[in-house]
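Student: Starting from the structure of chain E, add chain P where the hints point.
Heads up: the protein sequence lines correspond to chains E and P, in order. Under full-length UniProt numbering, residues 1 to 173 are what the first sequence spells out, in order. Under full-length UniProt numbering, residues 1 to 456 are what the second sequence spells out, in order.
In short, the hints are calculated from the structure, not lab data. Among the hints, a few may not be true.
Derived pair list, reagent style DSS-like, types lysine-lysine, alpha-carbon separation capped at 27 Å [to be verified]: (1) K432(P) - K36(E); (2) K92(E) - K36(E); (3) K435(P) - K415(P); (4) K415(P) - K432(P); (5) K435(P) - K413(P); (6) K36(E) - K435(P); (7) K33(E) - K435(P); (8) K92(E) - K33(E); (9) K432(P) - K33(E); (10) K413(P) - K432(P).
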Amino acid sequence: MGYKDPIMIDLGTDGDRERCSGATLVRPVRARKLAKVPFVELADGRVQGVVSSGSDIARVYVSSVTADGHGLSCSTNNNRPCGGLSGPYACKHLRAMLDEAVLQYGRERVARYLRVEVGADSDVLGALDPHHAPAPAATVFSRFLRHLAYLEVPEADGPVPELQWFGATRTAG
Amino acid sequence: MRGTQIGALTDDAVPGLAEALAVVDGLDDALANGLGRLGEPERAALAALAAAAGASPLATAAADAVATLAAGTVADEYLAAVAGARAALLGAVHDALLAAADTGTGRSRAEWDATGGDSPGVPLAAARSWLTELAVTGWRGVGEDLVAASAPVVATLLAEPRTRRLAVLLDGFAAELRACTPIATMEHLPYRRWGDLWSRAVLLAQDTWPGPPAAAPVSGRLLPLGVDVHEHATAVQFEVHGVLETAGGARLVRVAAAAAKVDTIVGPAVWTLVDRPVLLGALAAGRALELTDMPLLPGGDLLWREDAATPGEPADPFTTARLVLPEATAAGVPPLDRHPVRIAEPVLLEDYTVTDHAAVLDGRALPFDTDRLPGCGPLTPELVAASTACIGLLRWDAGGWRVQPLAVRTTVKRKPATVATADWAQGPTDPKVAKAEARNDAVAVLRERAGRLLRS
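Chain E extracted, bound-state conformation (with noise of 0.2 Å):
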């Protein structure tokens, strides 16, 4: 079986897509429970999310670990450092975070985001060479604000006719 990356759809090894209109490049992430996590994205250089708190309900830690030398942070979106996270030990945050990032994206992309090589049964956060390296939570709680305002985008009040190019596929199996 050749590896199928859920995200990204295969051009065909002879380029015959190379001059198509219609083949959407990217399948829709596969479908996963958002309530501990409801936002986890492979950006700036990170693999960055949101984790609600198990004991107050208006309370979200952000959660990060960098490409570059696997720094990792987790703090409160007011900045107060998460207790858990001692040295290079991830805390029970980051754990779910990064968990979650291969529920959603698949073991081989995150791993390739990171920069690091795992086997197919084996755990992201083991294949990597962690340090503490806080960083400022503000950054990516307002990118998870932002992808929340989508929900508040009212329906459009006409055809959008730019969406021919982006006919529904199906998810990665």
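Tutor: Here is chain P on its own, set in the frame of chain E:
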């Protein structure tokens, strides 16, 4: 469609098609390398584009733009002329292909005789400047920083209903570029596709792009044929194709419902993002809809208003396709929407066998486009492979015709069944999928988080 019709469509070459597309390909190759540093092949490609537009109203603008770009000056206005010339060429390609499809299917089509509305008059300079930066850099040079610079542009455009189309397009385009970085290491690039997305975006970002033309009220019975679903990470659109029976005759219409979403909302949950219970209810139940004074755009799009529709009698789409579709008149295509990707003509295929992912009738093969089967419905490539009848959209891409299934007559658990993309419009009807979907918390969690965090 009959085998002979498929044969005529797939055998007959469209005169001038290859030559027009070769000119487009030349520009698309230049865009991959960036218009900021043109070599000899890129200059020749731009000159060919200007020559191709030479007999059109764009002649002077295109020639000036190409001369200026060749001299090393890049500015928004020159790129607009280049994008316009490319769009004009593909508009001509669209016209030729659509004429071939109409001839092949025996479809009559009304002439376009409307004019666009006033320009929205909203500031678009930020979008233009991002698109210029992109063209100067070229796809191969695009990195995460350039892609990230689109985010504030999109956020502003999304907040304004009149620039929604551009916002949706830029967001989908940027997400693809991001997923592909580093693009320099890609073996194959989607030249045609990114050329399309860039040039449509450049045109939508012009201050002179007109608003929608005036709608006219229509009344009658709408018989749905099927639903085409469009989706990228932050948008979903359900486009219903159907026949509207009015006192003046039957016409082909479309109804689009588009909503914003995020990437983690996938599968059947996307139906819950549009609040149109009358429309979705009729689709899920296989019913007609009675319309009273529903606004209709000249391009055949109904501007859906829930209070102008009531559920009607049960209506089998296959009966509609067999009896009413052949008599229906299609609308003229809005001039600025003319591009081969917009060709999506409802057709009925019956009594075929499936060989190599194609419907074969009287020895003539028409491939199925199963890549476009949506994840929000029960129609799968396997069900299409086992089908004997299909309502689909005739589409043209990458040099050939294909049919995208919307509904099939097939075999489920050894029994004959009809399966359509919109069967789950009001929730999955398959108990196993419904159970899994009941655990899908994406929309609820994100709405709760938005309610708590966006207003705190």
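Student: For each hint, tell me whether it holds in the structure or not.
Tutor: Hints and how they fare:
1. This hinted pair checks out: K432(P) and K36(E) have alpha carbons roughly 24 Å apart, not beyond 27 Å.
2. Proposed proximity of K92(E) and K36(E) is supported: the alpha carbons are some 11 Å apart, at most 27 Å.
3. A threshold of 27 Å between alpha carbons decides the hint, and for K435(P) with K415(P) the separation of about 24 Å falls inside it, so the pair holds.
4. Taken as a hint, the K415(P) and K432(P) pair is honoured in the structure, with Cα atoms around 19 Å apart against an allowance of 27 Å.
5. A distance of roughly 20 Å separates the Cα atoms of K435(P) and K413(P); the hinted pair therefore holds under the 27 Å criterion.
6. Between the alpha carbons of K36(E) and K435(P) the distance comes to roughly 20 Å, so the proposed pair stays at or under 27 Å and holds.
7. Distance check on the hinted pair: K33(E) and K435(P) sit about 14 Å apart at the alpha-carbon level, within 27 Å; holds.
8. Proposed proximity of K92(E) and K33(E) is supported: the alpha carbons are some 17 Å apart, at most 27 Å.
9. Proximity of K432(P) to K33(E) is assessed by CA-CA distance (about 17 Å); at most 27 Å being required, the pair is judged to hold.
10. In summary, the hint linking K413(P) to K432(P) is supported, as the alpha carbons are separated by about 15 Å, within the 27 Å threshold.
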